[in-house]
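Q: Spelled out from the first residue to the last, the chains are:
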Amino acid sequence: MKIELAGWSSKGLRSPDLEVSFKRDGRVPHVAFVQMPNGTGKTTTLRLLRAALTGIATQWPPEEVLRFRRPSSDEDLGEFIVRLDVDNRPLTIRMAFDFDAQSVRYQTTFGSGQKESFSPPADVGRFLERHFVELFVFDGEFAEELLKPNAMRAKRAIDALFQLHLLDDISAAAEEEWHRATRAASAKGQAGYSRRRNRLDKLREQLRRVKKARKEAEQRTSALEAECEELSRKITTHIGDTEDQRRRLEEKQTEANAAKSAVDVTVTELLPILRKPTAFHPAFAKALVRLREHLDKLKLPASTSIEFFRELQEQETCVCGRPLDEASRAALAKRAASFMGEDYNGVLNSLKADIGSQVEPNCEGPAKDLSDHLTVLGERVKTRDKADSEVRVLRKRLIDSGGDAVKKWEEQRRQKQEEVDKLHQLIDDIDRLAEADDKEDTRCLQALKRYEAEAVRELSEITETLDLRVRTEVLKKLLAEAKAIAEKELRRTIIDSCNSRLRDVLSRDPPEIVEIAGSLRLKGQEGASVGQTQAIGYTFQTTLLSRSEHQFPLVVDSPANPMDITVRTEIARIVPQLCRQFVALTISTERLGFVDAIHKAADGDVLYLTAFRKTEGTKHLVAGLPAEGVLQTESGVLVEGQEYFNRFDLAEED
Amino acid sequence: MAHFRLRDDSKQWFKNITKTGSEELGLSLDFDGYYFCVILGLATGRRSNPSDQSGRVTDMVERFPEPYRPQQRIIAGLLIWAELSRRGIAVTEKEAVQSVVVELLDAQSLTGLSNEGMSLLDRYASGGFDALTERFEQKPYRLEQFAREVFGEIQAAVENSEVWLYSA
Numbered sequence: 000m001k002i003e004l005a006g007w008s009s010k011g012l013r014s015p016d017l018e019v020s021f022k023r024d025g026r027v028p029h030v031a032f033v034q035m036p037n038g039t040g041k042t043t044t045l046r047l048l049r050a051a052l053t054g055i056a057t058q059w060p061p062e063e064v065l066r067f068r069r070p071s072s073d074e075d076l077g078e079f080i081v082r083l084d085v086d087n088r089p090l091t092i093r094m095a096f097d098f099d100a101q102s103v104r105y106q107t108t109f110g111s112g113q114k115e116s117f118s119p120p121a122d123v124g125r126f127l128e129r130h131f132v133e134l135f136v137f138d139g140e141f142a143e144e145l146l147k148p149n150a151m152r153a154k155r156a157i158d159a160l161f162q163l164h165l166l167d168d169i170s171a172a173a174e175e176e177w178h179r180a181t182r183a184a185s186a187k188g189q190a191g192y193s194r195r196r197n198r199l200d201k202l203r204e205q206l207r208r209v210k211k212a213r214k215e216a217e218q219r220t221s222a223l224e225a226e227c228e229e230l231s232r233k234i235t236t237h238i239g240d241t242e243d244q245r246r247r248l249e250e251k252q253t254e255a256n257a258a259k260s261a262v263d264v265t266v267t268e269l270l271p272i273l274r275k276p277t278a279f280h281p282a283f284a285k286a287l288v289r290l291r292e293h294l295d296k297l298k299l300p301a302s303t304s305i306e307f308f309r310e311l312q313e314q315e316t317c318v319c320g321r322p323l324d325e326a327s328r329a330a331l332a333k334r335a336a337s338f339m340g341e342d343y344n345g346v347l348n349s350l351k352a353d354i355g356s357q358v359e360p361n362c363e364g365p366a367k368d369l370s371d372h373l374t375v376l377g378e379r380v381k382t383r384d385k386a387d388s389e390v391r392v393l394r395k396r397l398i399d400s401g402g403d404a405v406k407k408w409e410e411q412r413r414q415k416q417e418e419v420d421k422l423h424q425l426i427d428d429i430d431r432l433a434e435a436d437d438k439e440d441t442r443c444l445q446a447l448k449r450y451e452a453e454a455v456r457e458l459s460e461i462t463e464t465l466d467l468r469v470r471t472e473v474l475k476k477l478l479a480e481a482k483a484i485a486e487k488e489l490r491r492t493i494i495d496s497c498n499s500r501l502r503d504v505l506s507r508d509p510p511e512i513v514e515i516a517g518s519l520r521l522k523g524q525e526g527a528s529v530g531q532t533q534a535i536g537y538t539f540q541t542t543l544l545s546r547s548e549h550q551f552p553l554v555v556d557s558p559a560n561p562m563d564i565t566v567r568t569e570i571a572r573i574v575p576q577l578c579r580q581f582v583a584l585t586i587s588t589e590r591l592g593f594v595d596a597i598h599k600a601a602d603g604d605v606l607y608l609t610a611f612r613k614t615e616g617t618k619h620l621v622a623g624l625p626a627e628g629v630l631q632t633e634s635g636v637l638v639e640g641q642e643y644f645n646r647f648d649l650a651e652e653d
Numbered sequence: 000m001a002h003f004r005l006r007d008d009s010k011q012w013f014k015n016i017t018k019t020g021s022e023e024l025g026l027s028l029d030f031d032g033y034y035f036c037v038i039l040g041l042a043t044g045r046r047s048n049p050s051d052q053s054g055r056v057t058d059m060v061e062r063f064p065e066p067y068r069p070q071q072r073i074i075a076g077l078l079i080w081a082e083l084s085r086r087g088i089a090v091t092e093k094e095a096v097q098s099v100v101v102e103l104l105d106a107q108s109l110t111g112l113s114n115e116g117m118s119l120l121d122r123y124a125s126g127g128f129d130a131l132t133e134r135f136e137q138k139p140y141r142l143e144q145f146a147r148e149v150f151g152e153i154q155a156a157v158e159n160s161e162v163w164l165y166s167a
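If you read the sequences in order, they're chains A and B. So in numbering that gives the first Met the number 0, spot 539 of the first sequence is number 538, and the numbers just go up one at a time. So in numbering that gives the first Met the number 0, spot 34 of the second sequence is number 33, and the numbers just go up one at a time.
Derived from the structure by calculation, the hints contain no laboratory data. Any given hint could turn out to be false.
[What the hints assert, rightly or not] The list that follows gives simulated cross-link-like pairs (lysine-lysine, DSSO-like), each with its CA atoms no further than 30 Å apart:
#  : chain 1 : residue 1 : chain 2 : residue 2
1  : A       : Lys385    : B       : Lys14
2  : B       : Lys93     : A       : Lys367
3  : A       : Lys407    : A       : Lys395
4  : B       : Lys14     : A       : Lys210
5  : A       : Lys211    : B       : Lys18
6  : B       : Lys138    : A       : Lys385
7  : A       : Lys154    : A       : Lys522
8  : A       : Lys367    : A       : Lys395
9  : B       : Lys18     : A       : Lys415
10 : A       : Lys395    : A       : Lys251
11 : B       : Lys14     : A       : Lys367
12 : A       : Lys298    : B       : Lys93
13 : A       : Lys154    : A       : Lys487
14 : B       : Lys138    : A       : Lys438
15 : A       : Lys438    : B       : Lys93
16 : B       : Lys18     : A       : Lys367
17 : B       : Lys14     : A       : Lys259
18 : A       : Lys351    : B       : Lys93
19 : B       : Lys93     : A       : Lys482
20 : B       : Lys138    : B       : Lys14
21 : A       : Lys448    : B       : Lys14
22 : B       : Lys93     : A       : Lys421
23 : A       : Lys285    : A       : Lys251
24 : A       : Lys448    : A       : Lys421
25 : A       : Lys618    : A       : Lys10
26 : B       : Lys138    : A       : Lys259
27 : A       : Lys448    : B       : Lys138
28 : B       : Lys93     : A       : Lys285
29 : A       : Lys448    : B       : Lys93
30 : A       : Lys438    : A       : Lys251
31 : A       : Lys201    : B       : Lys93
32 : A       : Lys421    : A       : Lys201
33 : A       : Lys381    : B       : Lys14
34 : A       : Lys210    : B       : Lys93
35 : A       : Lys298    : A       : Lys285
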């Protein structure tokens, strides 16, 4: 990406109203000098440039906004506009000052789009943040801070250029994603996992025990029933002395079996009758018949549906031919509400049809049918119970008369039958439906399976949570390591490049950078002279910018002021090599040893501008302006030209 | 899709007369128990909120089981009748009757009942179960015994009901 500074304009602010444009014949020159005598607003312009390029001014407190107000001016509004070319597409950022409201609003224009905010395109916006903008809109203060032991400027500048913070952003995004994914989870830690794992293990052990118990109960029941049957056979064979008694028992048993079958058949026949509600009482049938009759009387469902009236409301005329006005339509809407939709008509007709076909007019049939069945059932139940009772009595009598052996067998059979009954109860309890008060040690298989499914779900949830946590930690660790390695390698190569350039620039006594922590640390010295500091700042900054695959303008306030002539010349020689656009806000005393050297290094691709404020003290300058290349506003003058630039001087300048 | 909803305690109450693998004689559907409760609820006019009355309520079926399909509109008719009576609406009041019909029926529903209608039937079933447990000292153990007793209870309830005996 290539970002160029096309110019700026200022109006109604502390600095004079000026419009500075660097573009000539559709391109910006390699170097542009804007000579601004002290008091013309160099520092103000640099701050405005930074504010325009970072969007920071919306956060300024009122007193900060008011600092940009022109002294003794009643004007409430002001503006500062920066024009950039991003890959040859214009990007304009406008700051609108409202001194009355003590606020600043931004407006961003890119291509054909305009937004009432600081909204540069995303690919440009990532460079338009404070620490990065300080790299290419540069002043002596920044250079000083690079060497301050506790300042973080050097580190931040590296971070800003190489955007290593993106690795932190990925790390934060991974953490955020973990929180989002596990927000609904009730437990997230290892303790929660162990608790759930133990619960599931216990439930599965209980399930295994219950299933084993059921299987053993079934096997035992089967064996006991066979033994009971064998004992019964032995008892039957040996009881009673007479064939007659045995035959009587067998006959009674046959009768009891038949009575039981009769009851079973009656119950089986009964179920379909019970499933008819009208069988329970004739009143149900009568109510249904009455409901049907009244639906008919009420003409429900209506022969005309609500849809007919809704459609009619849309027509110009009624079915009778009369025109429909608003009053008629309102009346139709009101009446339509008393009709049902066609679908209701269908369901109501089916209801009436079913009542008609299934409910007999006299209403008594099904109720009588059920009543008769229940009477028969009652009689058959009595017969069965009587037969069962007779079998029990006869059997007891025969056993009593059969001697000690038979009594012993009967006692054994009874005990075994008791055990069978208990085992049946156990199986029933295992097979029963789950109840609300079943605990996790229940024998009810259905309840245990429900608990198991719940425990599996909970364990699965926390397993996924923990797995995601582990993966998040791995990713964060990798990112942290990648960042540490990248920082270390970048610092090493930047130190090497900077030191190499410093040996050229400050060849007589070059300082050596040994470490970049938060700031730059020099070998064997605590600080540096003003000139050294400025030179180190340039070196560091141009080294960083030259490593970027993108192109940025380099805007510098007083680029040569604190340096001696030798250093100025060296800096001037290298600066054009390190950037494609160099914009210097200078004062006249910086020309010596700097301007000519840059002019030469940039092969003469240099734009010379001189700006000054219109005051009592500059009236003579206004009077002596050249005939061409002059732009004047109410408060300022901008003159283009090398010759004027070089002869411009003011006594009050340093 | 709405379901008929069954109180777990009622399911448990009917378990001894429900057909199982070893027991061939008994109610073959969960809906059977629900149905007896509905009929007793309609007969007595008792309704209750299943969730308030039982620890757990489960979705049972979203339509009438096959053996009950011929009776589904009959049951809907009884529900309409019971609700008209409960709300003090005479069967001659066309708009009010129509309003109840629209509220309780739904042509698009598998049951022919609206969600409101199904929910109402659940409430009658829950009220019927409350009545059943008050009238029976213990859970039924034989269907032949239960059938005779529940018939007697429903008969008695209808005989004492203004909804059914006097208005019909």
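Q: Hints broken by the structure, by number, lowest first?
A: The structure breaks hints 2, 8, 15, 19, 22, 23, 29, 30, 31 and 34; every other hint is satisfied.
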